[in-house]
Amino acid sequence: MFKRLFVSMAAMVMTIGLLAGCTDKEPASSDESSKSSEGKSVVTITTIRTLKDDVKFRKGEDVNNNPATRWAEKELGIKFKTLWTAPNDEQYYNKIRLALSSGQELPDVFMVADGLLINDLIRSGKVMPVDEAIEKYASPRLKEIFNKFPEAFYPATVNSKRYGIPRFSGGNGSDSLLWIRKDWLDKLGLQPPKTIEDLEKIMDAFVNKDPDGNGRKDTIGLTLASKNGLATWLADGSFIFGAYGDYVPGSWSKEKDGSLVYGSVQPSIKKGLAKLHEWYEKGYLDKEVGILDEQTAIKSFVAGKSGILAAPPWAVGWPIADAIKNNPGAVVEPYPLPSGPDGKIGRRGEGLTVGMFLFNKNFKHMDKFFEYWDAIYSYVFNDSKYFKYGLFEGYDYVMKDGKPVYDPKQIPGGAIDPGKYFLTTDIPTIPYMLYNLAEELYTTKRQPKNAYEYTKIVAQGEPYMKAATIVNQQNEYRIENEFSGPPTKTMQKRGEFLTKMERETFANIIYGRAPLGEFDKFIKKWRKSGGDDITKEVNEWYKSVKESK
Amino acid sequence: MLLPAVIIVFIFQYIPLLGLVMAFQDYEPWLGFLHSPWVGLEHFKTMFEYEDARQVIWNTLVISTLKIIFNLVVPLVFALLLNEVYIMKFKRTVQTIVYLPHFLSWVILGGILIDMLSPEGGIVNRVFVSLFNIEPIFFLGDNDWFRTVVVITDVWKECGFNTIVFLAAITSINPTLYEAAIVDGANRWQQTIYVTLPSMLPIIIVVGTLSLGNILNAGFDQILNLYNPLVYKTGDIIDTYVYRVGLLNGDFSYGTAVGLFKSVISFILVVTGYRLAYKYANYKVF
Chain A
1 MFKRLFVSMA AMVMTIGLLA GCTDKEPASS DESSKSSEGK SVVTITTIRT LKDDVKFRKG
61 EDVNNNPATR WAEKELGIKF KTLWTAPNDE QYYNKIRLAL SSGQELPDVF MVADGLLIND
121 LIRSGKVMPV DEAIEKYASP RLKEIFNKFP EAFYPATVNS KRYGIPRFSG GNGSDSLLWI
181 RKDWLDKLGL QPPKTIEDLE KIMDAFVNKD PDGNGRKDTI GLTLASKNGL ATWLADGSFI
241 FGAYGDYVPG SWSKEKDGSL VYGSVQPSIK KGLAKLHEWY EKGYLDKEVG ILDEQTAIKS
301 FVAGKSGILA APPWAVGWPI ADAIKNNPGA VVEPYPLPSG PDGKIGRRGE GLTVGMFLFN
361 KNFKHMDKFF EYWDAIYSYV FNDSKYFKYG LFEGYDYVMK DGKPVYDPKQ IPGGAIDPGK
421 YFLTTDIPTI PYMLYNLAEE LYTTKRQPKN AYEYTKIVAQ GEPYMKAATI VNQQNEYRIE
481 NEFSGPPTKT MQKRGEFLTK MERETFANII YGRAPLGEFD KFIKKWRKSG GDDITKEVNE
541 WYKSVKESK
Chain B
1 MLLPAVIIVF IFQYIPLLGL VMAFQDYEPW LGFLHSPWVG LEHFKTMFEY EDARQVIWNT
61 LVISTLKIIF NLVVPLVFAL LLNEVYIMKF KRTVQTIVYL PHFLSWVILG GILIDMLSPE
121 GGIVNRVFVS LFNIEPIFFL GDNDWFRTVV VITDVWKECG FNTIVFLAAI TSINPTLYEA
181 AIVDGANRWQ QTIYVTLPSM LPIIIVVGTL SLGNILNAGF DQILNLYNPL VYKTGDIIDT
241 YVYRVGLLNG DFSYGTAVGL FKSVISFILV VTGYRLAYKY ANYKVF
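Keeping their order, the protein sequence lines are chains A and B. Residue numbers for the first sequence follow the working numbering, beginning at 1 and rising by one. Residue numbers for the second sequence follow the working numbering, beginning at 1 and rising by one.
Treat the hints as calculated values from the structure; they're not laboratory data. Positions of the beta carbon are idealized from the N, C-alpha and C atoms, including for glycine. Watch out, some of these pointers could steer you wrong.
[Said to hold, decoys possible] In the PhoX-like style, the derived pairs of lysine-lysine whose C-alpha atoms are separated by at most 20 Å in a straight line are:
#, chain 1, residue 1, chain 2, residue 2
1, A, Lys275, A, Lys521
2, B, Lys45, A, Lys528
3, B, Lys233, A, Lys521
[Claimed, not checked] For each label pair, taking beta carbons as the anchor points, the in silico distance ranges come out as:
#, chain 1, residue 1, chain 2, residue 2, range
4, B, Leu248, A, Gln447, 46 to 52 Å
5, A, Lys325, B, Glu42, 52 to 58 Å
6, A, Lys543, B, Phe10, 48 to 54 Å
7, A, Lys217, B, Ile193, 53 to 59 Å
8, A, Lys95, B, Val165, 36 to 42 Å
9, A, Lys543, B, Thr272, 51 to 57 Å
[What the hints assert, rightly or not] A few chain A positions that, by computed beta-carbon distances, are all more than 10 Å from chain B:
#, residue
10, Thr47
11, Trp314
12, Gln474
Generate the whole structure from the sequences, applying the supplied hints.
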């Protein structure tokens, strides 16, 4: 009895210690070196990561034992030890926050995308500045990428010091273009749209001329998701605003004088909202557009009730594949974004990073980390001594008669994407490179030179390549969110209110429940209720990160 | 044998109370509660200064008051009606069916409801349009309808539970009372008014009292899955507000302050409710 009581008391005391955040001891750092079987010295690097359902393992393998970790240990002498995993970002961040506030030691390397958490971690003083390590250990080609995209470091730049290595995005990988039901266009004898005006004619025909031939007026023109803002990653509405000005809702844009301004409160947004209201009235949009998020909005397109969807090239896999499967005879083709009355085109541009890699300040093997980094990047650069035909044989390819075969049916147990095993959670990218390559492959019709080009581009199919080409050709129209820092003080206090007010006002204007003049009132109120302060803080942040090298 | 339970309650219910300190600080995760700067009541002042905070408090009160009333009245009436049913099989089946939605999560129900209530082809609107020949109603995007939908769907989901409680209370009424009433010439209606209802008064008060404690819980899961920018004006409640401010915006201290405010009000209401229950129904837990 007493023993049990003692154990539970001990557990309680430990929990209290954990919650109160007073454990300040430094656990043994994990840099003990050991020898691998081949006598090479092996360095252990601890990490943590999310493990979403799209990461599949072969039987008997897990996050600490898979081809990628075995490869790193054998070839580079790095043994990765994943301390824990979380199934989604939210839980992942919560666990890091908990570890942070309870004074636990951070893992050696880990990736964070949440701006506030990155900032908290940096300000806690437990994260290592990386400037010196980049200088010392990064390979020339990595340095070149880093220098080419200095903004990628902004999310982890504090007091002119860089604390994180960016995990680059595709650059324009999630930028949208128009996907239109080609079979409907053909049936109604219409040409693809060049301008917003053309688009309106097409939508009008899609709504009123019964493109699906079921004798009922049950089709809409454009699938749009507006619940989470009008510029978003799927069923994107940003092109409508881009056609009337240089701003999209929810993004911070750079002015000519170099300062940042908030897109949603720029006068040109009013024109976009007026158009949306008009379209809503004419029945071009889903009646429920105001309550649809990205996942629910696409239902109308998948069900064959909508003819136009603004989505990135990867949408060919989902949801467009579903739309084609559900509607026999459906042909969905990618088209460039239409221009507005003054010839303007614009779209929401994806940010440069999908996360930052942070390092424990006691981490001693930055050289090893950069070696690993460069080794994975070598696959993308096509000069890898490790990944000649693909990543790992038996996972993404098999050898048949001395030639690599990528057909999933020929791979025993089916194909698995081992790129997700890497610390980068996917094969790393260099911004804009993938779609550049796609454009080259699509326009010149040349054969893919390596496994990367084949699996990432050609194997995705012709519509994907065409879409990627279109996105790439419209790169000049990107309207990128230039603010990638942590939420500012006023944002934390008033951001919620301002976002709520913005969404409410925009929705009411689209539905015609509020007159268009409400937009001007919104701007005034936005500025007064903290918007001006936020703009000031954002610009202070921007100045501070730009001054760092 | 009680010890493990006590320990669990202590660890998971009482220790986290320490976190409430955050409401009086400008909490910084890496400093922890012990070192974060102290700001006193500032967050509470903020809460009453901002119109959005006042609005969500009002919304919460309205939605939850309506829910409390309907979650009391509907199951009571339903239990009384069900009590009149003498075919046991039918009674049991109805009871089970009514109780079933209680086990579904709002994530699933939210998706189903959005489909059902859609102004374009949703089953509810199709029925309404064909019956009354009216324009389709945008239930989830209309400030005039949103609260009604929230209350009705909540009652539909939860009334089964209270029905069972009330049915149990009815069965425990002393049958001699009914026999005496019949001897006095009371018909079924009079029996219900003069015997069943008075005998059930204590349990009605208990259920009512317990729900008073939830007056500021207007149902986070439900609202989060149903609301949208079009109905922020009537649908945004304290919990969804705290969620957006505290978790999505990272203002932990302010979020905690609003949450603490909510708990304090609920506590006062429970105590008052308990006093009233003791005074008028002689109901006592301790």
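Which of the listed hints are not met by the structure? none
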